[in-house]
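Novice: What follows is the residue order along each chain.
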Amino acid sequence: MKVLMFGWEFPPHILGGLGTASYGMTKGLSVQPDMEITFCIPKPWGDEDQSFLKIIGMNSVPIVWRDVDWEYVKSRVGGYMDPQLYYDLRDHIYADFSYMYVNDLGCMEFSGRYPDNLHEEINNYSIVAGVVARQQQYDIIHAHDWLTYPAGIHAKQVSGKPLVIHVHATDFDRSRGNVNPTVYGIEKNGMDHADCIMCVSELTRQTVINHYHQDPAKCFAMHNAVYPLAPELQAIVDQRKPSSERKEKVVTFLGRITMQKGPEYFIEAARRVLDRTHNVRFCFAGSGDMMNAMIEMAAAYGIADRCHFPGFMKGKQVFECFRDSDVYVMPSVSEPFGISPLEAMQSGVPSIISKQSGCAEILSNCIKVDYWDIDAMADAMYALCMYPSLHDYLQKEGKKEVDGITWEKVGQRIRRLYDETIQKCK
Amino acid sequence: MKTICLYFEIHQNIHLKRYRFFDIGTDHYYYDDYENERSINDTVEHSYIPALQTLLQMAKENQGYFKVAFSISGCAIELLENYAPTVIELLQELNETGCVEFIAEPYSHGLSSLANEDSFKEETMRMAKKIKELFGQEPKVFRNSSLIYSDDIGSTVASMGFKGMITEGAKHILGWKSPHFVYHCVQNPNLKLLLRDYKLSDDICLRFSDKSWNEYPLFADTYMDWIASEPEEEQVINIFMELCALGMFQPLSSNILEFIKAFPACAKQRGITFSTPSEVIEQHKSVDALEVAYPISWVDEERDISCWLGNGMQREAFNKLYSVADRVRISNDRRIKQDWDYLQVSNNFRFMTTKPSSWNMYRGIYDSPYDAFTNYMNILGDFINRVNSMYPSDIDNEELNSLLTLIKNQGEELEVKDKEIARLNARLKKLSPEAEPKKTTRKASAKKQA
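Chains as they are written, first to last, in our numbering: chain Y, 1 to 426; chain A, 1 to 450.
Just chain A, with the same shape it has in the complex (with noise of 0.2 angstroms):
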């Protein structure tokens, strides 16, 4: 029996305002407040909240048959948080419905997974925390930013303990093989993978009011007839998109929601069942490990990294913002660490890019790569003396490196030291059980503050 995993990103971006060279050192506050609030109410009331609803809608009717998974940045919530509340209540009143899983991801959004282990681990436990704050949920699954994977990305989210991994069905990785089975991470086989249907989502979120295209105007029993005509043994058919698709990306005008409105009556019909990430992963087996050596995402043709890292400015800076990351974490500076978070978003990046296919994107405040880069530089200055500026200046970055490294050692030989005095503990109970506990105790601390 088939089953779609529907899937929405909520993310967006907090714009940097324009800052010039002259304000280094004088001002601190990097962001375009009155651009955020536009950009976010603008697509709060085009799209999320209409298409919230539709989604609530569509669960309440087909009470535990329709199922959805949500990620949200830590970006996005906090904007939501601010100028449009709402939001996270209809995703809570989705949550109570049953039907929904929510996926943990980077809070910043951001390219952590690329540069710094300890920062992307850290970032991915505090989202995870907030979704426990938010919607009672645990996650069990993994979205990268921008769905980014690598076998290295893959074992180091497997390591945190989540069970499954969303990704690209990029062409170019999986070659013959259908993107409609579940594979697992070459490095770890307990880390399965969710690859996007590529072609069936970007039906939905980028041709679907494509008047040119041969198949406009699309309608949901004919798209359930192609999921339907596929090969009986592929069963997961993965459908991905950032949930600004259904209604900014396609207008409201074209229908959008009417047409998702129908995939419930239609797939029923069909035989086919909803999931959300964690029940395909626990009821499909692995057909296969998927090995990718570069990074893929599902980004551009190519779906890959280029469009964020592509050239040397995106380099030059991503290089600077990840060379003071450790300082960062172990700071506890809160409007440093929110500093951080925002100019991770991968966004930032994006905007300089100057791949031939982005001549005419959406470039924010800024109108060309050279003057994105400018103002992004020009903020990452500042913030990096003030980082700098939270360490004695006659510590330099290797040695501050060489302590961190030690602190960590340390930690470890005291991870190790405290399992051994609790497998002494437990060999002295056994050995004398009526020994006074009282006393072991004592032994116990008194080797933990040596």
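Just chain Y, same shape as in the assembly (with noise of 0.2 angstroms):
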């Protein structure tokens, strides 16, 4: 089976979790001999494994037809893509875009971001899209997230293939409610058209169904999971100190300082549990809009010297976070899944969420409490902090749950759902 897939973003070079969570599928899925992926990004980077899955960048997709020849672009292109595959493409160009801005191989430049012209962008990358659609021969049509709705809508209206698209977050997440109407129709036109929808968790699902009027029969809940850590990440976690040396808890939140991670509760929680005890520090790991709102509010709940903001984390950072923690908590408001908890319980770190996270439904091994109850909150972390036994049940259990969420399984789901949907739209 061959899938086409539009996606934004691909490790190593992520800014959420959509690349991640991309990556992942994409691996578990490719695990069944019979599958083969090309995956479509706006700017590839060329350090991307390509080798369970073919990457298409965007940005070196012809639109305007171009007489170049085979060296200058295997000298441009050559480092992520085959030359042969220019020119391949190049021979569907559809349309006349010589009015648009292009370079010299006759490709748009993409930023791969989140940049003011995101839309001009999502545009642009449907535009490309229709070449790609053209030229590649696939089974099914896969769009991860809303930015890659619109490519998916025209690759469906090009070759007539099943659409399938996967929503990783929707605008009732992001705007606590306030939805942006552009992307909101952007939403709603993709599972609109989409033959089936694939949510990350059925909190996702309800919000499609009920906020997006879908039909529930072709909505499915589809969580993620994560993969084993790393060896170097490993060792970076095995590095965490016995509990008896560590003098001070530490407890964490890790994510964008955004409204809808809900760092206030977390503030607030905070503030309680140090009126009553003092060897625990908070760690806020992340940046975001809130950020400096967030700083003032410890400050003036006088709490600041036991608050700690290091800022953005990518990478080995984030586990080096974790090997120091005690506690993880996501406050988040709403939360369609929300990978971090899992890969803070892999790393050893008992986890509270809140039970509008879409994890929460997979999870059983951790605290759940509702994200404005600061007292549970509170009363959650001061036990972890507190209690041993608590927080080695916890950290011992949560392991072994995790380690048993694996892609692999969630390929196989997948691809029972690609088969129906394909078998339904024949």
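Treat the hints with care, as some may be off.
Under the rule of at most 30 angstroms between Cα atoms (straight-line distance), these lysine-lysine pairs were calculated in the DSSO-like manner [said to hold, decoys possible]:
id	chain 1	residue 1	chain 2	residue 2
1	A	LYS171	A	LYS121
2	Y	LYS188	Y	LYS424
3	A	LYS17	Y	LYS355
4	Y	LYS400	A	LYS320
5	A	LYS320	Y	LYS396
Everything labelled a hint here was simulated from the structure, so no lab data went into it.
Dock chain one against chain two, each of which comes alone in its own frame, and use the hints as you go.
Specialist: Here it is in structure tokens:
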């Protein structure tokens, strides 16, 4: 089976959970012997792992015919793409885009991030997708997150193949209900055209059904998973000091400091804990538009000396942070899935997660509280810091549980849905 | 002739309230009065009153033939006294028919038998006294909370003067043996054991209204046929369950009470009698000693204590609770003693279980075992602070323990001396029957003071 996937991020250059999930899912699927995956991203860097899938960089797909020689193409795109593919794609330019701003290869530039002119970039992505969709051979289309829905629809219209869209988040999660109408429009349009909607949790599925008015029969919950820690990350985690040597407990929040993630509830809970005890520190790893407000809030409560803001963390730093933490807290107001508690539990850090997060549906060896229930959150933090048996139990059982949640299993479930969808659309 | 020994447990948990760590030191009231009142009223209305009325009717109609036994935990008595005294009156009325035996159990329905022998004895004797007050009976038979039993517990119970004990006929203990005989404790042959027939008991309390059960619907004559068809020499059928089984586990709409009501008539037809545990113990000889090295209970498929002490959290809570057992026992503070009873209730530990079979179980106000643990530990933190503040802070636990041992030893020493005095007095009387009694008394009292 051949799958054409549209995505926005792919490791190692990632900005959020979307890239990690895309990687895990494709890798989990690629274990199946007959699975061929072509993954489109706006801007490859050349160091992506292409051993189990083929990556097409949208910034190297021509939309305007240019007469360039092999050697030049090779020097430009050879790092991540076969030059022959450039010529094959060039044969499928389907309209006159010479009015667009293109470079000497006839390609459009992409930032590959989330720039201010995001809507323009989304539109360009779908124009380029038209070329890819005409050139490639595939059985099914799989579009990840709303940025790529227009591209998915375009590909479906060109090829007539079934479209699967993967809802990693909705605008209702990001905005606490104040949706951006343009984004909502794109999301709704994508869902309306989709033959199958995979949602990262039942929570998201309900949002899709209730707020986007989709047929429940085509919506499925497809929970994410995690990959076992790489040896070098495991080595970092293994440096954890035994609890007897750790005089101060560290409670960590890790994620973008934005409204969606509920950082203010974390501060409120921290304040309650610090009212009673003094050997606990609180770490805010991440950056975001509410960071300054949070620093001010901590200062106003007089707990700034116990709250630390080390900024955005990526790669190894995340696991160094887990290594030095005793408790991980994710107080998200609305979290479609939330992969970081799984990573924390993998690293042996017991987690407190909000009931409003998708991963709460599949985890049982963690503490779940309502995000607004600051007292319960504080209580859970205090208990994990003070009662060693609870900490030990959740540390051990949590790791065991997360080790059983693998992408291979998710891959098998996705494959079943692919087969059903293709059958249905015949 | 076969005999049925029917026994019901009456126990209600005292629900703890939501208690946050910042309440430690400021709030010393731990109970959820609303939930307690609601749950006891619910149980009383749907189970206790209709069930007891049925049993009362059965006892009156079959005067001298139908027999039944009860045990009530201290917590249940206090709840009933507060919220539903009619149940106690009903029990007293039943008691007057003369067909009822009351069995002793630890007052708190807790796990003290596994932790602290002295506390265990103290609360058992307290319960026996309470039964004497309420029903005028002196319990001869004992049952531990949730039928927990081991050889050590058996020998402790025997040392308190009980003639028999009720426990589970656990498969892994009995093996090929049948629960339909009387056994005895391996450490003390004077303590006879009555073993619950879990199959016949669970048929009523677990499966009666289960429509997917292949015996559904079960009728009393079928049930009695099963009992009658047991081998001739297997004479004692012990059917033990919670009283809530009639009306709560098996709803009244399943006609469970009609089923029970038909017992005496159906049994009579087949020549089966009813007996109280004491009667069984008097009339039957023990066939063998029963060796139980590790504690058993009537809970879960494992029939062990893993649902209370299966994980690290439960053990931490348990150890912490009983670390102050001695200090509480020698104190005179009534509120501390009351809290001590309520905190020991085994349900508190059950709420913390993480056994896979328990994920959908009823957990009271808690939504997870971690929640239950956190809440309990917060309360325990406050309670232990209160207990410790009653004793000078410069006396640490070990010192206090050694003082306690000293007191205990001295008590024993005095006891020995008292005996010696009595012996000497007797001899004195024998030697000189005309000697002035006044003189000896003075002597004895002088000795005592020394």
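Novice: Confirm or reject each hint.
Specialist: Each hint, compared with the structure:
1. For a cut-off of 30 angstroms, the pair hint linking LYS171/A to LYS121/A stands: about 28 angstroms separates their Cα positions.
2. Distance restraint check for LYS188/Y and LYS424/Y: the Cα-Cα separation of roughly 22 angstroms lies within the 30 angstroms cut-off, and the hinted pair is therefore satisfied.
3. A threshold of 30 angstroms between alpha carbons decides the hint, and for LYS17/A with LYS355/Y the separation of about 22 angstroms falls inside it, so the pair holds.
4. Taking the CA atoms of LYS400/Y and LYS320/A, the gap is about 27 angstroms. The hint holds against a cut of 30 angstroms.
5. The hinted pair formed by LYS320/A and LYS396/Y meets the criterion: a straight-line CA distance of about 22 angstroms does not exceed 30 angstroms.
Consistency with the previously given hints is maintained throughout, with no hint failing.
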